[in-house]
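Colleague: Here's the letter readout for the chains.
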Amino acid sequence: MSDTRAQAAYHDSEAALRLVDKELDQLRETPAAAQRLIMVSLADLPQILERANSQIREVLTHLRETRQAIQSTTLDKIQTTHDKLKEVTSATEDAATNIMDACDRANQIVDELDAVDAAEVPDRQRATDLRATLRDELFMMMGALQFQDITSQQLTHASSMLIDMESRLADISKLFDSSISPDRPLASMRGAPDEKTYDPNATIRNAEQRQHLVDEIFTTVKAGAA
Amino acid sequence: MKFLVVDDSATMRRIVINSLQRIGYNDTVEAGDGQEALAKFDASIGFVITDWNMPNMTGTEFTKVLRARADGRQIPVLMVTARSVKEDILTAMEAGVNNYIVKPFTPQVLKEKIDALLPAAAA
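Sequence lines, in order, name chains D and S. Using our numbering, the first residue of the first sequence is number 1, and each one after it goes up by one. Using our numbering, the first residue of the second sequence is number 1, and each one after it goes up by one.
For the record, the hints were derived by calculation from the structure and aren't laboratory data. C-beta atoms are modelled at their ideal positions from N, C-alpha and C, and glycine is treated no differently. Check the hints yourself; a few may be wrong.
[Claimed, not checked] When the alpha-carbon atoms are kept at most 30 angstroms apart in a straight line, the in silico DSS-like pairs for lysine-lysine are as follows: (1) D:Lys196 x S:Lys2; (2) S:Lys86 x D:Lys196; (3) S:Lys64 x D:Lys222; (4) S:Lys111 x S:Lys40; (5) D:Lys196 x D:Lys86; (6) S:Lys40 x D:Lys86; (7) D:Lys196 x S:Lys111; (8) S:Lys86 x D:Lys222; (9) D:Lys22 x S:Lys64; (10) D:Lys77 x S:Lys2; (11) D:Lys196 x S:Lys40; (12) S:Lys111 x D:Lys222; (13) D:Lys196 x D:Lys222; (14) D:Lys77 x S:Lys86.
[Said to hold, decoys possible] Simulated restraints, written as ranges between beta carbons of each label pair: (15) S:Lys86 x D:Arg131: 38 to 46 angstroms; (16) S:Gln74 x D:Ala223: 15 to 23 angstroms; (17) S:Arg22 x D:Leu175: 18 to 26 angstroms; (18) D:Thr80 x S:Thr91: 21 to 29 angstroms; (19) S:Arg22 x D:Leu213: 48 to 56 angstroms; (20) S:Thr91 x D:Gln71: 27 to 35 angstroms; (21) D:Ser90 x S:Thr11: 16 to 24 angstroms; (22) S:Arg69 x D:Pro122: 52 to 60 angstroms; (23) S:Gln21 x D:Leu175: 54 to 62 angstroms; (24) D:Ala132 x S:Thr11: 22 to 30 angstroms; (25) S:Met1 x D:Asp171: 52 to 60 angstroms; (26) S:Ala39 x D:Val116: 44 to 52 angstroms.
[Stated by the list, open to error] Coverage of chain S stretches by chain D, computed from C-beta distances (three or more under 8 angstroms per stretch; other residues unrestricted): (27) 7-13; (28) 92-103.
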C-alpha cells in the first residue's frame with residue numbers, strides 16, 4: 001500500500017465516522033422501540049471505528065518508517081548498481097575502440113610490409129622494424145582485453161547488490177502479507193556471489209595514478225621498515 | 001626461471017603469460033586459485049605472480065600459507081590485482097607480497113617489477 005493510498009484510507013475513515021454520527025442523530029428521531037433496538041447494536045460502533053482510526057494512524061507511521069528504510073537501503077544501492085553498469089558499458093566501448101584502432105594500424109603495417117616486399121631491392125631492416133611494430137600492436141590488442149576481468153568483477157558486484165535488494169524487498173513484502181510467496185525461487189535463495197571473487201571497487205580508470213599510489217606506499221613502508 | 005601464474009580469470013592468465021613471454025620468460029605454470037597454486041608449487045618455481053580475488057583461496061591467503069612454508073619463504077611474490085585502496089596494499093604487504101601491480105597493467109610495468117625483484121630471487 002502506498003503512503004498516498006493510506007492517507008486516503010485515513011480520510012475515508014474520518015468521513016465514515018462523521019456519517020455514522022449523522023445516522024445516529026437521525027435514528028434518535030425514529031419510534032422508541034426501533035430506536036432502542038438499533039441503538040443497542042450501534043452503541044459500540046463509534047468505539048470500533050475509533051479503534052480502526054487509531055490503527056490506521058499506526059499503519060501510517062509504520063508506512064513512513066518503511067518508506068525511509070526502503071529509501072536508505074535500496075536507493076543508494078540502485079544508484080551504485082547503475083554507476084557500475086555504466087562503467088562496464090564505458091570500459092567495453094573503450095576497449096573495443098582501442099582494439100579497432102590497433103587493427104587499423106596493424107592493417108596499415110601489413111600494407112607497408114607488402115610495399116617493402118614489392119620493392120626491387122627489399123629493405124630488410126625496414127621489414128624487421130615493421131614486424132616489431134606489428135607485434136607491439138598485436139600485443140596491445142591483447143592487453144586491452146584486461147577489461148574483461150575488471151568488468152566481470154563489476155558485474156558480479158552489481159549482481160550481488162541486486163540480490164541483496166531482492167532479499168530486502170521480499171522481507172518488506174512479507175510485512176504486508178506473510179501469505180504471499182513468490183511464483184518462482186528468488187535469486188537470493190540460490191546464493192549471492194562469493195565475495196572473495198570480486199573487488200567492489202574494481203575499475204579500469206586511472207590505472208597509472210593507482211599504480212603510482214601503490215609504488216609510493218611500497219617505497220614508504222619499506223623505507224620505514226629499513 | 002619458472003613462473004607460477006595464479007588468477008581465476010583464464011583471460012588474465014593468458015595475458016600475463018603472453019606478457020612474460022614477450023619479456024623473455026617462457027617457462028610458466030598456471031593455477032586458477034590459491035589452493036591449486038599451492039598444489040602446483042614446488043622447488044622448480046622461481047617466481048609467483050598472483051591475483052587477489054579468487055574463489056576457494058585468495059591471493060593474500062595463498063601468500064600467507066606460502067610464507068609459512070620453508071620452501072616458500074624467500075620466493076618473490078608479485079600481486080597483480082584490480083584492488084588499489086591503501087588498506088588493500090598494506091594488507092597485501094602484511095601477507096608477504098613483495099610488490100604489487102594494478103590492473104590493467106602494461107608489459108613495461110610488469111618487466112620493471114620483475115626486474116626489481118629478481119636480484120632478491122637470485123640472493
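Colleague: None of the hints should be skipped; say for each whether it holds.
Modeller: The hints, checked one at a time:
At roughly 27 angstroms between alpha-carbon atoms, Lys196 of chain D and Lys2 of chain S fall within 30 angstroms of each other, so this suggested pair holds. For the given pair, Lys86 of chain S sits about 18 angstroms from Lys196 of chain D by alpha-carbon distance, which is consistent with the 30 angstroms threshold. For the given pair, Lys64 of chain S sits about 18 angstroms from Lys222 of chain D by alpha-carbon distance, which is consistent with the 30 angstroms threshold. With a C-alpha separation of about 24 angstroms, the suggested pairing of Lys111 of chain S with Lys40 of chain S holds against the 30 angstroms cut-off.
Straight-line distance between C-alpha atoms of Lys196 of chain D and Lys86 of chain D comes to about 23 angstroms, which keeps the hinted pair within the 30 angstroms bound. Taking the CA atoms of Lys40 of chain S and Lys86 of chain D, the gap is about 39 angstroms. The hint is violated against a cut of 30 angstroms. With a C-alpha separation of about 28 angstroms, the suggested pairing of Lys196 of chain D with Lys111 of chain S holds against the 30 angstroms cut-off. Between Lys86 of chain S and Lys222 of chain D the alpha-carbon distance is near 15 angstroms, which keeps this suggested pair within the 30 angstroms criterion.
Among the hinted pairs, Lys22 of chain D with Lys64 of chain S is inconsistent with the structure: their alpha-carbon atoms are about 81 angstroms apart, more than 30 angstroms. Restraint check: the Cα-Cα separation between Lys77 of chain D and Lys2 of chain S comes to about 44 angstroms, which exceeds 30 angstroms; the hinted pair is violated. Proposed proximity of Lys196 of chain D and Lys40 of chain S is supported: the alpha carbons are some 21 angstroms apart, at most 30 angstroms. Note on Lys111 of chain S and Lys222 of chain D: the hinted pairing holds, with a Cα-Cα distance of about 20 angstroms set against a maximum of 30 angstroms.
For the proposed pair Lys196 of chain D and Lys222 of chain D, the alpha carbon gap of about 28 angstroms is at most 30 angstroms, so the pair holds. In summary, the hint linking Lys77 of chain D to Lys86 of chain S is supported, as the alpha carbons are separated by about 24 angstroms, within the 30 angstroms threshold. Restraint check, Lys86 of chain S to Arg131 of chain D: a C-beta distance of roughly 43 angstroms satisfies the suggested window 38 to 46 angstroms. For the pair Gln74 of chain S and Ala223 of chain D, the beta carbons lie near 21 angstroms from each other, so the given range of 15 to 23 angstroms is met.
For Arg22 of chain S and Leu175 of chain D, the Cβ-Cβ distance of about 59 angstroms falls outside the hinted range of 18 to 26 angstroms, so the restraint is violated. At about 23 angstroms, the beta-carbon gap between Thr80 of chain D and Thr91 of chain S stays in the expected band of 21 to 29 angstroms. Checked against the hint of 48 to 56 angstroms, the C-beta distance between Arg22 of chain S and Leu213 of chain D comes to roughly 26 angstroms, which is inconsistent with it. Our hint of 27 to 35 angstroms for Thr91 of chain S and Gln71 of chain D holds, since their Cβ atoms are close to 34 angstroms apart.
Roughly 19 angstroms separates the CB atoms of Ser90 of chain D and Thr11 of chain S, a value that falls within the hinted 16 to 24 angstroms. For the pair Arg69 of chain S and Pro122 of chain D, the supplied restraint of 52 to 60 angstroms holds, since their beta-carbon distance comes to about 56 angstroms. Checking the proposed 54 to 62 angstroms range against Gln21 of chain S and Leu175 of chain D shows it holds: the Cβ atoms sit about 59 angstroms from each other. Evaluation of the 22 to 30 angstroms hint for Ala132 of chain D and Thr11 of chain S yields a pass: the beta carbon distance comes to about 25 angstroms.
Here the CB-CB span from Met1 of chain S to Asp171 of chain D is close to 55 angstroms, well matched to the stated 52 to 60 angstroms. Separation of Ala39 of chain S from Val116 of chain D is about 50 angstroms and conforms to the stated range, judged on CB atoms against 44 to 52 angstroms. Under a criterion of three residues with beta carbons nearer than 8 angstroms to beta carbons of chain D, the stated coverage of the segment 7-13 of chain S is upheld, 5 such residues being counted. Given a C-beta distance limit of less than 8 angstroms, the hint that chain D covers the segment 92-103 of chain S holds, as 6 residues qualify and 3 suffice.
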